[in-house]
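*Asks:* Note that the protein sequences, when read in sequence, are chains A and B.
Take 218 as the starting number for the first sequence in our numbering and just add one per residue.
Take 10 as the starting number for the second sequence in our numbering and just add one per residue.
Since the hints were made in silico from the structure, they are not lab data.
Some hints could be false.
[Claimed, not checked] Computed list of lysine-lysine pairs in DSSO-like fashion (alpha-carbon distance at most 30 Å, straight line):
(1) Lys513/A with Lys206/B
(2) Lys493/A with Lys115/B
(3) Lys201/B with Lys493/A
(4) Lys153/B with Lys460/A
(5) Lys153/B with Lys513/A
(6) Lys513/A with Lys199/B
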Amino acid sequence: MMNFKKIDEKDIQALKAIVGEDKIYVGEDINEDFSHDELASVKRMPEVLVEAKTTEEVSQIMKYAYDNNIPVTPRGQGTGLVGGSVALHGGIMLNMSKMNKILEIDEENLTLTVEPGVLLMEINKYVETFDLFYPPDPGEKSATIAGNINTNAGGMRAVKYGVTREYVRGLEVVLPNGEVIEVGGKIVKNSSGYSLKDIIVGSEGTLGIVTKAILRLLPLPKKTISLLVPFNSLEEAIETVPKVIKSKSAPTAVEYMVRDTILSAEEFLGKPFPDKSSDAYLLLSFDGNSKEEIEKNYEKVAELCIESGALDVYISETQERHEAIWSARGAFLEAIKASTTEMDECDVVVPRNKIAEFVKYSNDLQKEFNVRIKSFGHAGDGNLHIYVLRDDLSQEAWDKKLSEVFDCMYKRARELNGQVSGEHGIGIAKMEYLRQSFSEPQLAIMRGIKAAFDPTGVLNPGKVIL
Amino acid sequence: MEIVVCIKQVPGTTEVKVDDRGNLIRDGIDSKMNPYDLYAVESALKIKEDKGWKVSVITMGPPQSEAVIREAFMMGVDDGYLLTDRKFAGADVLATSYTLSQGVKKTGNPQLIICGKQTTDGDTAQVGPEMAEYLGIPHVANVKKIHEVKENSIIVDLDMATTLETVEIQYPCLITVEKGIFQPRLPSYKKKKETIKKQIFTYSLKDLTDTDEVNYGASGSPTQVERIFPPDVNNDKEVWTGAGDDLGKRLFKKLVELKFM
Chain A
218 MMNFKKIDEK
228 DIQALKAIVG
238 EDKIYVGEDI
248 NEDFSHDELA
258 SVKRMPEVLV
268 EAKTTEEVSQ
278 IMKYAYDNNI
288 PVTPRGQGTG
298 LVGGSVALHG
308 GIMLNMSKMN
318 KILEIDEENL
328 TLTVEPGVLL
338 MEINKYVETF
348 DLFYPPDPGE
358 KSATIAGNIN
368 TNAGGMRAVK
378 YGVTREYVRG
388 LEVVLPNGEV
398 IEVGGKIVKN
408 SSGYSLKDII
418 VGSEGTLGIV
428 TKAILRLLPL
438 PKKTISLLVP
448 FNSLEEAIET
458 VPKVIKSKSA
468 PTAVEYMVRD
478 TILSAEEFLG
488 KPFPDKSSDA
498 YLLLSFDGNS
508 KEEIEKNYEK
518 VAELCIESGA
528 LDVYISETQE
538 RHEAIWSARG
548 AFLEAIKAST
558 TEMDECDVVV
568 PRNKIAEFVK
578 YSNDLQKEFN
588 VRIKSFGHAG
598 DGNLHIYVLR
608 DDLSQEAWDK
618 KLSEVFDCMY
628 KRARELNGQV
638 SGEHGIGIAK
648 MEYLRQSFSE
658 PQLAIMRGIK
668 AAFDPTGVLN
678 PGKVIL
Chain B
10 MEIVVCIKQV
20 PGTTEVKVDD
30 RGNLIRDGID
40 SKMNPYDLYA
50 VESALKIKED
60 KGWKVSVITM
70 GPPQSEAVIR
80 EAFMMGVDDG
90 YLLTDRKFAG
100 ADVLATSYTL
110 SQGVKKTGNP
120 QLIICGKQTT
130 DGDTAQVGPE
140 MAEYLGIPHV
150 ANVKKIHEVK
160 ENSIIVDLDM
170 ATTLETVEIQ
180 YPCLITVEKG
190 IFQPRLPSYK
200 KKKETIKKQI
210 FTYSLKDLTD
220 TDEVNYGASG
230 SPTQVERIFP
240 PDVNNDKEVW
250 TGAGDDLGKR
260 LFKKLVELKF
270 M
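Full structure from sequences and hints, please.
*Replies:* Have a look at this one:
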C-alpha cells in the first residue's frame, strides 16, 4: 500500500501544461513553510508545489495524479493544527489559496458563494456591509474558508450558532479522479439521499477538493455585549458554565481563561488587559438587536454568576472595550506558544456538563507528570484547547511525556463520552486516538467511505483514517 | 481632596450624519463615552484608590448624556453633574469651555481637573486648556504619566512629540491625559445595581454664576462649523513579492526611509 510514483520531469511538464510555467515550484524553490502546518511536529516537503486558479485546473491536475498514482495534498493557508495539510508522501501539493475570490452575494437566498481560498476574516468584513453575518468564528481568522470547511471548524460563537457545517449550503468538489460534482446548493432543506455535502465537510481534504462553497448567512445582529466575569478559582468559574447554559439565556460565546494565560497574552501583545486581579475568568458575549434586549438576557446571567461566587461582572459595550478583551483572547494560542520551546495540543470535546471535571483533571496532570499544561477554551460548547508545553525537555523525554499525558487525556475524554477533536480535526497527529475511540464497525464504514471517493488513495494519503 | 473629570458623549460610530446647519445628528445613533475620557476617568480612579480622593464627573449635553455619567458610576466615580439647557446647544470650543468652567464651580472646590486629550467627534483638543484659562488655573496637556500625587501639587510627564517633559504643577490645576496612560477598567455590574437610582446633579443656565445667555451655545461661539465630514479613508498600498530575506531588507529600508524607525 501507499506505493506512489515519484515525480519526474515528465510530470512537471504535464503540470506546467495545465497551470503554466510560473505556477509550479520544484525542489528548493518551494518555501519551507509548505513542509508543515501550525503546530504538528511532522514535516515533509512536497516534491512539487502547484498553484491552482480554476476548478478546471484542479480537475486536470487531479486526473493526471490519479492516472499516474501521484499523491496530492491540498493546502489552504497552512494554519491547521494536526498536520492535515502536510504532504506526508511527497508528491503534489496543491496550493488552493490563490483561488480567493468572493463570487456572489445572494440577498434573496441569504447566501455567499466563494472560492476556497477566501480568508475567514474577509468573509465577515464583506458580508457586514450588507448587514449580514457569517456566524462561525474560529480564532484563526487568517485561515481559508475551505480549511474551515474541511475541519468543520467551530469557534467561539458555536454556543449559540453552531459550527461551520451548519453554514455550508452547497459545495463544488473535485473528486480524486478529476470529476467535478456539486453537492447541496442554495437550498434550505434537503432530504435527497445521503448528504454528500455533510460528508465532505470535516473530511480534511481526504475525499475531494473543495473548489467552491455556498455559505449560509444570517441577518447581522446590531449589537454585541461582552461580560468578563472574575472568579476566585478556575473550578468556581467553570462550574458556573452548565448553570449559564441551563439558564437558556443564549450567550453567543462562553470562554474561560486563567490569570496566567492573560499575563502571557499581555506580554505577547504589549497591551494591558482591563482586569487581572482574579485567578480565573469567564468571558461571555451576547448579541441582539437592541441594548435593552441584550441587557434583559445578560442580567439574568450576571445574577447567576454572582450567586455562583463571581466577584463581580464587568460589562463591555463598546468597540474599544471589546477590543481590549477580545484581542487578548485571540492571542492566547500565540502567547502560550511564545512562552515555551514547543507544544502540542489536545482539542477534545466533552458534554458541556462534564467540562469542569475535564479541566480539573487536565490541571492535575501537571503535577502527576511534572509538565506545564495550559488551557483555555470554549467552555460553553464543551470544546477544550489544552496545551502541553515542552519547555526544556529533551526530544526523547518530550515524546514520552507527551504521549503519556495525551493517553490520559483522551482516555478520560472517552470515559466522559467525549470525542477526540472538537474542531481542529484528526490529520496525522490524532489518528491513533480516533482509532481508539471508534468501534471496528464504525472504522470499517469510514474506510468504506474513503474507498468510495478515493479508490486508489491518492488524495491526501495517510490522514484521518487508515 | 477632590477631582473632577470632564466627559462627553460621542457618536458610537464614525458613520455620522450632519444636518443643514452643520450639526451632528445624534438622534437614533448609538452613542458612547468619548474613548479618551475613559483614560481620564481611570486616571482619577487610580488616584482615588491610592489617596482616597473623591471623584466627580461633569458633562455638558442633552438629557440623554446621562448615560455616560451612569457608566462613570459603574466604573467607581462618586458623583455626576450634567449641564443641560437648550441654550447651551451649538457651542463651539470656546463656549463649551466657558460652560464647563462655569459648571465646575458647581461641583465644589476641586484640586484637580482631568480631561481626555481630545474627543473623537470634535478632535480639537482645546476644551481642557481653554477651560483652565477661564478658571485661571495652571494646566498641562498630553499627560503621559502621573509620577506622584502630592499634598499640594502633582508631578507628571507631558508628551511634546519630540521631547518628554516632567513638570510639577500646584493645585488647583487641570491636566489632559493621553490614550494609554492607564488601561480603563470595565464598568461593573455590581456598581450598576448600586447606582441605578443614584442622583445626578443637573444644572441649566439659570443655575450658573453667569446667567447671560449671550455667553453660551451658538450665540457665545465666535466660530461656526461650516461642514462636518468623516475623514477620507486612506487605502494606499504597495504590494511587494519576492523572497522573505529580500523583502525583510526592503521593508526595513522603507521603514527607515519613512522615519518609522
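*Asks:* Each hint needs a verdict: does it hold in this structure or not?
*Replies:* Going down the list of hints, with the structure as the test:
| no. | hint | in the structure |
| --- | --- | --- |
| 1 | Lys513/A with Lys206/B | 18 Å, holds |
| 2 | Lys493/A with Lys115/B | 37 Å, violated |
| 3 | Lys201/B with Lys493/A | 20 Å, holds |
| 4 | Lys153/B with Lys460/A | 44 Å, violated |
| 5 | Lys153/B with Lys513/A | 39 Å, violated |
| 6 | Lys513/A with Lys199/B | 16 Å, holds |
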